[in-house]
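Start from chain V and add chain S with the ligands according to the hints.
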Amino acid sequence: MKPSTRRRLFQGVLYAIFVIVILVVVFLADWDAIRTNFFNLEVAAATFPEIVVIAAKNTVIYTVIAFIGGLILGLILALMKLSPVLPYRWLATGYIELFRGLPALLVIFGFAYAIPIAFQWRPPGGSVGAGLIGLIVVSAAYIAETIRAGIEAVPKGQVEAARSLGINPTWTMVSVVLPQAFRIITPPLTNELVILIKDTSLLFIAGLALGERELTTFARDSLTSLANATPLVVASLLYLVITLPLTQLVAKLERHNKRGR
Amino acid sequence: MTSVSKGSSAVSTTEPAIEVRALCKSFGSNDVLKGIDFHVDQGEVVCVIGPSGSGKSTLLRCVNRLEEPTTGSVMVEGVDITDPETDLDKMRTRIGMVFQQFNLFPHLTVLGNLTLAQQRAKKRGKAEAIEVARRNLAKVGLAEKENAFPSQLSGGQQQRVAIARALSMDPDMMLFDEPTSALDPELVGDVLEVMKQLAREGMTMMVVTHEMGFAREVGDRVVFMDGGVVVEQGKPEDVLGNPQHERTRSFLSKVL
Ligand SMILES: Nc1ncnc2c1ncn2[C@@H]1O[C@H](COP(=O)(O)OP(=O)(O)OP(=O)(O)O)[C@@H](O)[C@H]1O
Ligand SMILES: [Mg+2]
Chain V
576 MKPSTRRRLF QGVLYAIFVI VILVVVFLAD WDAIRTNFFN LEVAAATFPE
626 IVVIAAKNTV IYTVIAFIGG LILGLILALM KLSPVLPYRW LATGYIELFR
676 GLPALLVIFG FAYAIPIAFQ WRPPGGSVGA GLIGLIVVSA AYIAETIRAG
726 IEAVPKGQVE AARSLGINPT WTMVSVVLPQ AFRIITPPLT NELVILIKDT
776 SLLFIAGLAL GERELTTFAR DSLTSLANAT PLVVASLLYL VITLPLTQLV
826 AKLERHNKRG R
Chain S
3 MTSVSKGSSA VSTTEPAIEV RALCKSFGSN DVLKGIDFHV DQGEVVCVIG
53 PSGSGKSTLL RCVNRLEEPT TGSVMVEGVD ITDPETDLDK MRTRIGMVFQ
103 QFNLFPHLTV LGNLTLAQQR AKKRGKAEAI EVARRNLAKV GLAEKENAFP
153 SQLSGGQQQR VAIARALSMD PDMMLFDEPT SALDPELVGD VLEVMKQLAR
203 EGMTMMVVTH EMGFAREVGD RVVFMDGGVV VEQGKPEDVL GNPQHERTRS
253 FLSKVL
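Chains V and S are the protein sequences, given in the same order. Residues 576 to 836 in my numbering are what the first sequence spells out, letter by letter. Residues 3 to 258 in my numbering are what the second sequence spells out, letter by letter.
Next up, chain V with everything else stripped away, as it sits in the complex:
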């Protein structure tokens, strides 16, 4: 057999497997049951408008808060990790290793319960607020490593040029290094933002009041109350409605920034 014939035969087999698997799934599935349980328009209609005006809105709000908080704390940690002061480096390294090593769910749970007890203080937003602090704490650990890598990727000549012009270390960092670092890390930061959108679903462990529920919690509750899985599908679609435009926007932003590289 000629190599080209063998290759074509192999591809044919792959296509055949694909078609067979699809057919088996299609024949074995109970389409009526699927339609009534997952794609039930009446049930879907019953979740509106709350699933958008409460659940999706809360998902977005929690994501924005956690991302901004994570960026600020992550930046501080990254600068600590690059600091010439040894204890700062230890602290940052310890923090990052600790919170990257723990399940986010556990940290959120811990913060939601521990903060009000430990500080005799209820953060704004009550238990969601405390849970959000947990989410910020976790995302900051990942974002810190990303920012540190970005800072280190800025060529040394950039710092030398700025310092040789008499710009002090702080302004060099703020006006020369960080703007370039953030351009470099736009793709991994987008990745972290998308992960964060989905991780807001872990906030349920903090205990959410009715108006505080985000998409996943809302969909789970609806699943129980309506005895139908359609809300899960609606929630899934809404997650995509949030993430897809976002990744598109960042891709566009990145193309725009190419000029200044």
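One or more hints might be untrue.
Claimed, not checked - Which chain V residues face chain S? A few, computed with CB under 7 Å, are given here:
#, residue
1, Ala736
2, Ser750
3, Pro754
4, Gln755
No lab work stands behind these hints, which were simulated from the structure alone. On a predicted model such as this, the values are computed, not experimentally measured, just so you know. Note that the Cβ used here is the ideal one computed from N, Cα and C, for glycine as well.
Leaving out everything else, chain S with the ligands in the frame of chain V:
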């Protein structure tokens, strides 16, 4: 080519722009500078030549303390640059530096590159910074490029922007580290022309270069370094035309 006349009476009273004494610099066990005595007078153009790895860049970078000297002293306009009490950032605004790789800020426009340090280090207002920037851009022949990003410019244009950026701080002296070595041959001329113009205006310049033509034409003095020491120095026609040391002769025979 005439360099600015240095009145003989003035020379004795003004201190050198740069005065390096017994400078040693080691990277770990690698002794790169082994006791350098070196000076640049005000208004003087000194070209530093020598083989690769002889320590030319290291010497230049010690002058504005981008490299920390191991021992020895570096005085700039009478101020000890190695003294921890010295306001290094302030001194650096008086010492312009031009790098082989340009090192323009890629995220800023040409105008942004020229105004950043004026605003951050010299605390100039925006309007004044822009005015100074435009004047220096015109000087290097790139007035129409103020809104371009560095990536949109040729290497020669980028290096001229880098020179304009340094000049915008109104420095008393300029350090050049092989400013034309990263350029395509046809772009070298424009950059050298700008440097000649600067020399003509009386700028104090320390130029590490492989451009022997430039050293001969523009340099008031040529310093030949090899193996971390100054082997020979003097008038360009003497050092380049009639070298006294064997090492100088063998180096020149390779580059000329
Ligand atoms: N940051 C550094 N760390 C360690 N070694 C260094 C460093 N910078 C320079 N060196 C070493 O110092 C020596 C002299 O380097 P330098 O760059 O001053 O030479 P140069 O005369 O400028 O050479 P070239 O013509 O190639 O630019 C080289 O052996 C180099 O490896
Ligand atoms: Mg060099």
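Going through the hints against the structure:
1. Ala736: Holds - the Cβ of Ala736 (chain V) comes within 7 Å of chain S, reaching about 4 Å at its closest.
2. Ser750: Because about 6 Å separates Ser750 (chain V) from the closest Cβ in chain S, which is inside the 7 Å limit, the hint holds.
3. Pro754: With a minimum Cβ separation of about 5 Å from chain S (threshold 7 Å), the hint on Pro754 (chain V) holds.
4. Gln755: At 5 Å from the nearest chain S Cβ, Gln755 (chain V) passes the 7 Å test, so the hint holds.
Violated hints for the displayed structure: none, as all numbered hints are satisfied.
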